[in-house]
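> The chain contents come next:
Protein chains: 2
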Amino acid sequence: MLEATKAKNYLFQFLSEFPSLDNHTITELVKVIPVIAPTKGTLLMKEGLIPNECYFVLKGLVRQFQFVDGVERTTEFYTESHGTISSTHYTNQTPSNFNLVCMEDCLLIAGNIELDEINIKNFPVLKEIINQMLENDLNLIKEKHSSFILSSPKDRYLQFLEKRTDLLNRVSLHHIASYLGMTPESLSRIRKRIVSSSN
Amino acid sequence: MLEATKAKNYLFQFLSEFPSLDNHTITELVKVIPVIAPTKGTLLMKEGLIPNECYFVLKGLVRQFQFVDGVERTTEFYTESHGTISSTHYTNQTPSNFNLVCMEDCLLIAGNIELDEINIKNFPVLKEIINQMLENDLNLIKEKHSSFILSSPKDRYLQFLEKRTDLLNRVSLHHIASYLGMTPESLSRIRKRIVSSSN
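Protein chains in written order, with the numbering used here: chain A, 50 to 248; chain B, 50 to 248.
Okay, chain A solo, but in the shape it has when bound:
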């Protein structure tokens, strides 16, 4: 299958999940919403630059990271089931404080402010969908943050295993440790303890 057709199929599939969109609207939307296909290793966003696009992951894995005292620290993973990549830097057009890198070959919806405005004007139902996605994302991250505050490092890892099954066998322990706010050595100790207590 041609890459472009494959990309449009993924977009069609994604839009079909919204009950408020009929087939005709989806077909029209697929024509105007841009999908890009960055390959593994592509740097989508660079610390210090003003983002001119926001993304939604249709397929693949994007890692968000920043440097703290010269050390690379992972702050988010985006995949098909945790897809919305946006930030205050995109919304307010200020320099990004993080980087985004594709960890796999990806298919991404790539939005930009001008095009989004035109598309929303032509398809007001898009506003509804964006609203739903924002509300969903906000609720998810609020829960994640509360549970992060409340949990011990071991519980954070157990919750990660339970809630981020989309990342199974896709990310290194090194990046997981960073994402859970611990050193790789701490994560290794926690994993050993879990294995030995389940034997």
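Derived by calculation from the structure, the hints in this document are not laboratory data.
Every clue listed holds true.
When chains are identical, the list treats them as one kind, so a pair holds in a single copy or across two.
The calculated DSS-like cross-link candidates involving lysine-lysine, where the alpha carbons are at most 30 Å apart (straight line), are:
# : residue 1 : residue 2
1 : K203      : K95
2 : K193      : K89
3 : K80       : K108
4 : K108      : K89
5 : K95       : K193
Owing to the predicted nature of the structure, the values given are computational and were not obtained by experimental measurement.
Fit chain B to the supplied structure of chain A, relying on the hints for placement.
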């Protein structure tokens, strides 16, 4: 001033901050958006119950907490500048996993699903405003979560002092410690270290 008039004045003030609303629309919205005035100590939401309202703080302070192994743990503070109180439990009508208590006499916008639908139908511009608020909240909490992951307990406390000036002299150290995911003893040690290093 009568309590009801005072409440409506706060609502008018709040709505005036949105450039997309003209004075006539604001006056009409003030008539249909309910504002409640719960007193200090009021329990707004109780763990295990399905929330029938969501809130926005026009004035006052609301604390979110839950019990972990029988211990009360604070997971959020809502004030005039961090006002949106919503959750997946309200959106999906499932039992709440947290409690909400007023720490001061409050003025709150109280939304409910049916009324919100009617108001949005009559004032479509409301959708725009809700969208803006959601996006703003989402960006804020994403940043907060990233910075929480990346920071040491001491840095978390310093960031809290810098970013949550709205809470100055309004919340106890006990609740702040809990909110920062540390024991009151750890917070006390950190505060002593900051004082002694600045002398």
